[in-house]
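Trainee: The lines below spell out each chain.
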Amino acid sequence: MSVLDIVATAMIAMGLFFFLGGAIGILRFPDFYSRLHPAGKLDTMGQFAAMIGMAIYLLNDLSLGSVLTALKILLIVVFVFITSPTATHAIVDAGVRAGLAPWTKESREGRR
Amino acid sequence: MRAFALITVLMVGGLLFYGLPDFPDWGDPASPASTHLSPFYIEQGAADTHAPNVVTAVLAYYRGYDTMFEAAVIFSAGLACFFLLRTFRQKSIETRLYRHLPTGVTLRIEEGGKTPEGSDEFEPIDSHWVPYDMIINLTCRLIVPFVQLFALYVIAHGHYSPGGGFQGGVLFGAAIILYAISTDLRTAFKRLQEKAVMLLSALGVLIYAGTGVVCLVLGGNFLDYSFLAGILGVDAVMARSHGILIIEIGVGLAVMAVMVMLYYNLSSAGRHDEGL
Amino acid sequence: MQSIFLYAGVFLACIMVLSLYRAVFGPTVLDRLIGVNAIGSKTTTLLILIGLIYERVDMFVDIALAYATLNFIAVLAASRYFQKKKGLYDEAEGR
Amino acid sequence: MANTKPDNTVDYQAFSPFKPFEPPTPPEKSPLPYVFTFCVCMITWLVLSGKFDFFHIALGIVSSAIVTATSGDMLLKARRIAGLPGAWLRFIAYVPWLLFEIFRANMHVMRLVFHPRMMDLIDPRMIRFQTRLDNEMARFIFANSITLTPGTITVYVSILGKYTVHAIDRASGQGLPGEMEDRVGAIVGE
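Residue numbers (the numbering used here), protein chains in the order written: chain C, 2 to 113; chain X, 237 to 512; chain U, 4 to 98; chain Y, 8 to 197.
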């Protein structure tokens, strides 16, 4: 394994770790507003890390085709970084306009 | 009447099941399709059409008839949606909102009031308003051109990468729908009118069938693109390649227009006054 | 290296099943939307991983880009639909 | 029990339903936005296509022309072009800092996700503040940066620049608007 391979593996592993956090987060968190935090952030970061890792792996054989493919992967990353916050924002906006009440500490303590 | 329909369905279904055992097994390597047809496509595809992607060669050249009628089916789906949903009668809304453009004053007109319809100075506002959202609006303005460019890339590179008319048409239609979502339906109409959409959807199918007819006129079979070589000024193999590109463009136009037509009609329940 | 990609892909698929729980059983429509969005973002990565396994990344990158685009548009349209058509308000009142 | 009541009620008055009023201006005749769109499209096409023969570049020119004709006025308005190169350079300088902040934010959320007493640690609340950024693009970058960084999600940005932010716990929301606003403001030169 070359150095690039090790770096790529580490990046992909980090991305998968973030993805795992996101998946567990949207299961554990109490309400819809707080579930958006892992869904919006951890998934974006996971995608970023994993895709950068894969782009680095592609640079193993340095030809025009592989560099262009790595650039396309970077294009996806940029696209995700623009659209992911917007999608999160659209979902939370729909929730607020529908009048879903945010979960708070008081609401839980009041229920006890 | 319903019992009659049920009996008909059951009978046709029974007939189909009766015919089922005569077919070769799914994925059977000894079936005629696997022994004769598939090797021919795989061996001859690239040499015949200069398209490395054999799926494109099969879809757009060897089985061009099927694809033409697929495009026709999509076109007729758009037509059906138009005929079922489109209504030209105005719904009676209790209250309407208009904005006076030179001053920015918003007028609220109760039921029965006189509406400033057809005036240039007044702009109607959705009664179930589309919430204005700066973030979504700006994001869509940033990415819509790139989604369109990507759609055109998918159409143009059907020979080399997975893609072609159907996928590219869906992406281009999605870009226009994204624009309509981010602003509102009337702003989208300013860029792509209903009449233009209808015209484009018909034009797409016409390009496809017209290519076949041109081949026929030039002395070949229907959709045999190698006879386009005289017009395009290239040899037969490249003529097939360019012929595939031409019909991909036709399919892309038809799919794009039908997607947009479905969105226009479904989101406004056929009235085309206010959408999502 | 191929086996690493294969295991990573299997792991991602397992994580997608976890997100599927929220998409199926989410108490409100918007929770389902979050689940669908999470699955979509994982699929984009998974597609490129599959491309690396088959050593045809140049093809799968296009599919991944198209998938990311359509996923974004779907989430945006669905959230707009529920804003406008008020499918959510009944659920919100019931809580 | 918190000593102050968290601000969790939603201020519906802050949600303006309508587009901001723009008095009708004569359409700008400047060709610059179209030229810019065409060039950006062409570069993107070359990256996407990866084939540099005459036929595919001609297809790229036709495609870029179609995109420019249909949506050339979307990417940017003519009067913004003057300060563009500097703004882009400053934006690129801003990205590494943002990436580092995003990484820190993710570590924070990860700690919350895997913490066994997660329910006691989180304390969701709505925060409202007024930004001093005037430019729409700057507000957009600021809003998306907030969504991507420490435990905060932009819920709404009103026309007047009033931000509503959902924060996952007390520590997350304290830094707002703070340093990030200054850095975003520096991009557009305010």
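These aren't lab readings, by the way, just hints derived from the structure by calculation.
Fair warning: there could be bad hints in the mix.
To be verified - Label-pair ranges, simulated between beta-carbon atoms: (1) C:Leu-63 <-> Y:Gln-137: 21 to 27 Å; (2) C:Gly-66 <-> U:Met-4: 16 to 22 Å; (3) Y:Trp-95 <-> U:Tyr-10: 51 to 57 Å; (4) X:Val-473 <-> U:Cys-17: 43 to 49 Å; (5) Y:Leu-106 <-> C:Ser-3: 23 to 29 Å; (6) X:Gly-446 <-> Y:Trp-95: 52 to 58 Å; (7) X:Asp-302 <-> Y:Phe-121: 35 to 41 Å; (8) X:Ala-313 <-> U:Cys-17: 34 to 40 Å; (9) X:Thr-342 <-> Y:Phe-136: 36 to 42 Å; (10) X:Phe-324 <-> Y:Trp-95: 46 to 52 Å.
Backbone N, C-alpha and C fix where the C-beta goes; we use that ideal spot for every residue, glycine too.
Trainee: Now look at each hint and say whether the structure bears it out.
Mentor: For each hint, the structure was consulted:
| no. | hint | in the structure |
| --- | --- | --- |
| 1 | C:Leu-63 <-> Y:Gln-137: 21 to 27 Å | violated, 51 Å |
| 2 | C:Gly-66 <-> U:Met-4: 16 to 22 Å | holds, 18 Å |
| 3 | Y:Trp-95 <-> U:Tyr-10: 51 to 57 Å | violated, 40 Å |
| 4 | X:Val-473 <-> U:Cys-17: 43 to 49 Å | holds, 47 Å |
| 5 | Y:Leu-106 <-> C:Ser-3: 23 to 29 Å | holds, 25 Å |
| 6 | X:Gly-446 <-> Y:Trp-95: 52 to 58 Å | violated, 46 Å |
| 7 | X:Asp-302 <-> Y:Phe-121: 35 to 41 Å | violated, 53 Å |
| 8 | X:Ala-313 <-> U:Cys-17: 34 to 40 Å | holds, 38 Å |
| 9 | X:Thr-342 <-> Y:Phe-136: 36 to 42 Å | violated, 28 Å |
| 10 | X:Phe-324 <-> Y:Trp-95: 46 to 52 Å | holds, 49 Å |
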